[in-house]
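So the sequence lines, in the order shown, correspond to chains A and B. Residue numbers for the first sequence, in the working numbering: 1 to 140. Residue numbers for the second sequence, in the working numbering: 1 to 373.
For each label pair, taking beta carbons as the anchor points, the in silico distance ranges come out as:
#1 M84/B - K17/A: 48 to 58 Å
#2 K17/A - F185/B: 53 to 63 Å
#3 G61/A - V357/B: 21 to 31 Å
#4 S109/B - T65/A: 57 to 67 Å
Since the hints were derived computationally from the structure, they do not count as laboratory data. In this text, a Cβ means the ideal position worked out from N, Cα and C, and glycines have one as well.
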Amino acid sequence: MFKKILIANDGSEGAKKALKTAIDLADKYNAELHSISVEEGVPHYAATIGEVEEYRREANGFFHTINDEAAEEAKKAGITLHVKVQAGHEVETIVNYAKEGNFDLLVIGFMGHSKIFGRVWGSTSQNITKLSPCTVIVVK
Amino acid sequence: MENQWFQAALWMGLALVATLLSVRIAISIALLEIMVGVIGGNYLPLERTEWVNFLAGVGSILLTFLAGAEVDPVVLKNKFKESMTIGVLSFLAPFLCVMAYAYYVAGWSLPESQIAGIALSTTSVAVIYSVMIESGYNQTELGKIIIAATFITDLGTVLALGILFANYNWHMLGFILVMGVVLFFLPKFTPWFFRKVGSRISEPETKFIFLVLFGLGALAVMAKSEAVLPAYLVGMVLAPFFLVNKTLSHRMRVTAFTMLTPFYFLKAGSLVKLSAVWSSALLIGVFLLIKVVAKFIGIWPTMEIFRFTKKENMYTTLLMSTGLTFGSISALFGLTNGIINQEQYTILLTAVILSAVVPTIIAQKWFQPEMKK
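Please work from the sequences and hints to get the whole structure.
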């Protein structure tokens, strides 16, 4: 049923649960498994390129570690995980990446904001679910 | 006598607040330091002591050096014709238009108008870069042309600042000669010297760069020029070396962002008179509008010649209308040297800050073109 699965990995507990589900589904349907991690805090209106680069250096170090761990976990199930790190807004970047890559399933962990923020704007998972071009599984 | 530790704590406290805000809301530390500085200058007993002025001065020199050291010679060389044409026009058109408006319509004197023209002629390579990183545009041909053109525009700004207000005498001749010799030998001498001394906790490499910047800065001041001019040029000639040596670049940024640039940006903000922002809101808006329109006049026809699409033209022009670092340096230069008054400084700095934000939002929201690698 699913041929190309995307998991959004921000290194959180929710994302770890989502990864487990995604690996399980990729194994079951013999599907390709990809992950996207979003560098969300790129400083806007910077004074030097260096400020942006320093942020990316720190973020890349973090994502490098979590992607290595994720790839290792997928490998144990005999699955190759294709990883991608991209800067941008979390919801917009994940949705666009899913669109451009023609994914047929997006697996995300439950990413909650504070109650007040969530009520006003909707949580990240809600917004991704609303805007995603394909089926979404939110793992809790 | 001032309590220097109280002042130091106040300045550093504001720098920390700006840093924490920056981490929280993903807005650059520079912009937030200016904002926090505005509050400090208007509502807190923030003093601009001699040592604050010194640290802020070193901050601006180091900031300019770092900006120069980010100029990628490969990008510049590969797209020389396009980037040179767009870059020069992107500097000249707003410089002349803003200067003309300030002189003929707003009634500013010629030197005041020149400062206005320089401050609003700039383009912020870093603002553009952070936008492009998020869209992936930095990898496209158009993205590379825009970034390269921005380096040229910045060079125009720094040259204008260093040349327009200088004294043309023996000091100037000496400054040009010494700077020429230093810039010629520096790219060869620096890697050799750094290999010899090695990387140590006492930072001989950083001290060497400071020595060169301060030495040339001293000669620039003697010639009534500006220390940021040699700083940018030194950065440019050392850029190939610094782009490869990431660790050294990182250490210099840490030095700059911890103790030097906070004083510069906080000071730039603290000199803003909030009352002048309200009373001159119309002029600020007009200056911003002229800057953007002039960038269109300069860049749009050029982009048409190079056969870019309308959406690409619009996106490029709006991004080239952004400004921050060199705009604030130019305005502060004018105020520090008594060329403009605090009200005019407030008008220019506010227009500069708005130019970092407004065109960026419009470009991202409505004119982001399709990716063409």
